[in-house]
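Undergrad: Read top to bottom, the protein sequences are chains A and B. Residues in the first sequence are numbered consecutively from 296, following the numbering used here. Residues in the second sequence are numbered consecutively from 296, following the numbering used here.
Because the hints were derived from the structure by calculation, they are not lab data. Incorrect hints may have been included.
A pair holds if it fits inside one copy or across any two, identical chains being indistinguishable in the list.
[What the hints assert, rightly or not] Straight-line C-alpha distance at most 27 Å; calculated DSSO-like pairs for lysine-lysine:
1) K386 with K581
2) K641 with K379
3) K669 with K379
4) K669 with K398
No experiment lies behind these values; they were computed from the predicted model shown.
2 protein chains.
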Amino acid sequence: MKKVKGGITRPKGFFASATWCGLKRKRKDLCLIFSQVPAKAAGVFTSNKVVAAPVIVSKKNLANGTAQAIIANSGNANCMTGKKGLDDAYKMAASIADAMAIKVSDVLVASTGVIGRDLAVGKITSAVDSLTSSLSAASSTDVAKSLMTTDTVPKEVAVTFKLGSSVISIGGVAKGAGMIHPDMATMLSFITTDAAITGQALKKALKESVDATFNCITIDGDTSTNDCVLILANGSAKNRSIGSRGKGYKAFTKALSFVCADLAEKIVRDAEGGTKFVSVNVKKAKSDADAKKAAYAIATSPLVKTAMYGRDPNWGRIAAAVGRSGADLNVGRLDIYLGRAKVVSKGMPAKVANGLLRNIVNKRDIDITVILNKGGSSAGVLTSDLSKKYIEINAHYTT
Amino acid sequence: MKKVKGGITRPKGFFASATWCGLKRKRKDLCLIFSQVPAKAAGVFTSNKVVAAPVIVSKKNLANGTAQAIIANSGNANCMTGKKGLDDAYKMAASIADAMAIKVSDVLVASTGVIGRDLAVGKITSAVDSLTSSLSAASSTDVAKSLMTTDTVPKEVAVTFKLGSSVISIGGVAKGAGMIHPDMATMLSFITTDAAITGQALKKALKESVDATFNCITIDGDTSTNDCVLILANGSAKNRSIGSRGKGYKAFTKALSFVCADLAEKIVRDAEGGTKFVSVNVKKAKSDADAKKAAYAIATSPLVKTAMYGRDPNWGRIAAAVGRSGADLNVGRLDIYLGRAKVVSKGMPAKVANGLLRNIVNKRDIDITVILNKGGSSAGVLTSDLSKKYIEINAHYTT
């Protein structure tokens with residue numbers, strides 16, 4: 296497997312376009328991803344019980360496991376917009392189906408932006424001509440840009456790998472910088488691949504990849520109403536179809552996980568106001584649930600996150616977060632590392648040179664490792680620090 | 296019952312003092328509360344599994360239900376300090392026992408400050424003479440001041456009420472401004488009363504009062520290793536002893552709850568960097584657990600808290616927090632109020648004049664009410680906003 300240039304238009308038979316339809320001020324806010332043939336499709340959606348209209352429509356249109364296009368807008372979440380919102384989401388799908396002469400049920404829909412405002416769907420339907428007439432195999436970055444809200448950089452990635460005599464590509468774009476927490480974040484991600492793969496295998500591979508990547512990041516503990524990861528697999532690579540197990544499945548899932556991990560890391564690195572990239576690892580926990588609890592307690596603690604922002608090696612806050620996490624714990628067995636420096640040994644402060652600690656917390660990337668010595672389970676979470684800039688960005692998002 | 300001047304020295308037979316022993320720079324950092332006779336005593340402690348040494352010692356010394364003195368320091372939490380820390384906490388108790396000629400097991404100990412630093416216990420024991428020689432019935436405010444860390448104001452309150460022909464007083468001090476979350480916060484509170492009451496009734500009344508007050512506030516979702524609420528009841532009011540039920544118990548618990556509620560509100564109003572006092576109420580939830588989940592999801596959401604800071608009536612974030620809380624929910628039945636303005640009606644935006652909304656979010660005190668229309672349970676949580684100042688305060692606490 297190797298990382299290559301490009302994004303969602305790297306796999307064969309995918310075209311994309313992006314345009315400005317007027318939902319945002321002077322920035323692209325609408326995009327289309329199109330497969331030349333109907334593709335196997337799968338999705339993973341937000342666990343939030345307040346669900347946006349496009350999520351409802353996409354789930355329904357995914358039921359038969361096939362899709363050919365994705366239309367997405369930024370600038371308005373089309374959430375808590377009642378029956379009109381649902382009609383608007385269907386109109387978005389229908390306008391693409393009409394223009395491209397495909398089935399409405401083969402169009403997936405996504406929206407991101409402010410909650411609770413009526414969608415000016417006319418602006419979107421009026422821009423469909425411009426979208427479809429500009430479809431190209433070179434516009435992945437434009438699509439990534441059109442999804443940005445508080446994001447500061449477009450996020451895309453592509454990989455290729457060989458399977459038998461076929462070369463398979465997977466490409467992805469994502470958006471997200473705040474309201475980021477597992478299951479899922481305020482994030483959209485669209486992934487394309489030219490692999491031939493069964494619907495069942497595609498679903499399984501997507502879930503596995505998302506669980507290990509997008510679902511292991513947190514920026515502020517908030518989960519959005521609109522999140523989804525959608526994947527289309529159009530079979531244009533002409534490989535022998537990948538099933539739910541075996542070498543082909545493994546190679547595909549490895550490549551897909553790489554794509555998801557890359558995009559997830561890009562989201563955390565673009566965290567609203569973030570100045571640090573913090574990797575939290577909890578080891579030797581009594582159970583997987585305990586390991587996760589402890590890792591998330593650290594990664595979501597405002598006190599830990601502000602300490603990281605302040606370049607302050609205040610590991611007492613890490614210990615306090617683990618202590619309240621609910622994970623089984625003997626303080627006398629607890630070890631904590633900041634980077635490679637052991638700061639707590641068996642529940643007591645370890646001797647560390649101050650200069651070494653200062654070097655570690657001054658870096659952009661900081662590793663926090665907590666060893667519970669209670670069992671064999673581990674968990675890892677990626678997060679950012681909590682800065683004044685985060686407050687600034689989020690204090691005035693709608694106004 | 297009426298609110299009166301004073302704090303912990305208002306009840307008969309209590310004396311207190313505070314001094315500077317050198318743990319903090321040029322600010323009082325050590326205090327003593329003393330009852331002229333052994334008092335019935337009870338405590339509620341942190342649920343954090345990383346527990347500070349003074350918590351271990353106080354729990355042990357409370358086992359027989361009697362205490363006569365509380366010694367407390369700020370500037371060092373004496374937490375994750377191993378066997379030496381435990382010895383140091385015992386030394387604090389022993390030094391007071393020696394000086395006042397009382398039993399070591401009748402001295403309670405509390406500490407607050409940085410975690411994981413050896414306590415310079417010699418500074419404390421050297422200051423005991425100064426503490427005991429300055430005991431007075433007028434120094435409640437000094438005690439409140441000596442507990443302050445990031446607090447900006449000392450916190451105390453007193454009430455009196457009549458029971459039969461006796462007048463009973465209850466007084467309290469508290470400290471806390473960050474690391475505040477139920478069970479318990481980074482807070483210490485010491486309460487005194489001259490009521491005659493059984494040990495069992497005192498324990499029960501304290502737990503009831505704390506559950507409804509200190510355990511219903513959150514500032515940043517972090518729970519500390521050192522928190523405790525301690526109460527001493529010395530019987531000096533000479534009332535007929537209060538038992539675990541009946542009129543006397545009710546009157547006492549009402550007054551104690553008032554004291555706890557007043558101190559809890561003062562803590563939230565002094566929240567680190569706080570510019571808002573936000574009261575979150577969830578009504579008509581399916582269960583008590585659901586009501587609590589929803590209320591805490593809102594009250595701990597960085598997005599909701601930054602919106603309040605930014606005076607932004609962005610109720611979509613409130614809906615999103617409720618949606619991810621895990622509480623049972625039908626969006627179509629969801630109503631949300633900001634102050635008295637209904638902003639969401641049956642899951643849809645309600646028509647509200649912008650001017651009215653602006654007035655509401657411009658005030659210091661903001662009420663958020665969410666009505667789930669799924670059952671009969673309610674929960675209330677008090678919280679603050681999340682401001683740039685919070686980040687500033689917490690980014691550089693140890694350095």
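Undergrad: All hints, please: hold or fail.
TA: Do the hints match the structure? See the list:
1. K386 with K581: Answer is neither: 51 Å inside a copy and 36 Å across each miss the 27 Å cutoff.
2. K641 with K379: For K641 and K379, only the inter-copy Cα distance (14 Å) is at most 27 Å; the intra-copy one is 59 Å.
3. K669 with K379: between (53 Å within a copy, 24 Å between copies)
4. K669 with K398: This pair counts as neither: shortest intra-copy Cα distance 55 Å, inter-copy 39 Å.
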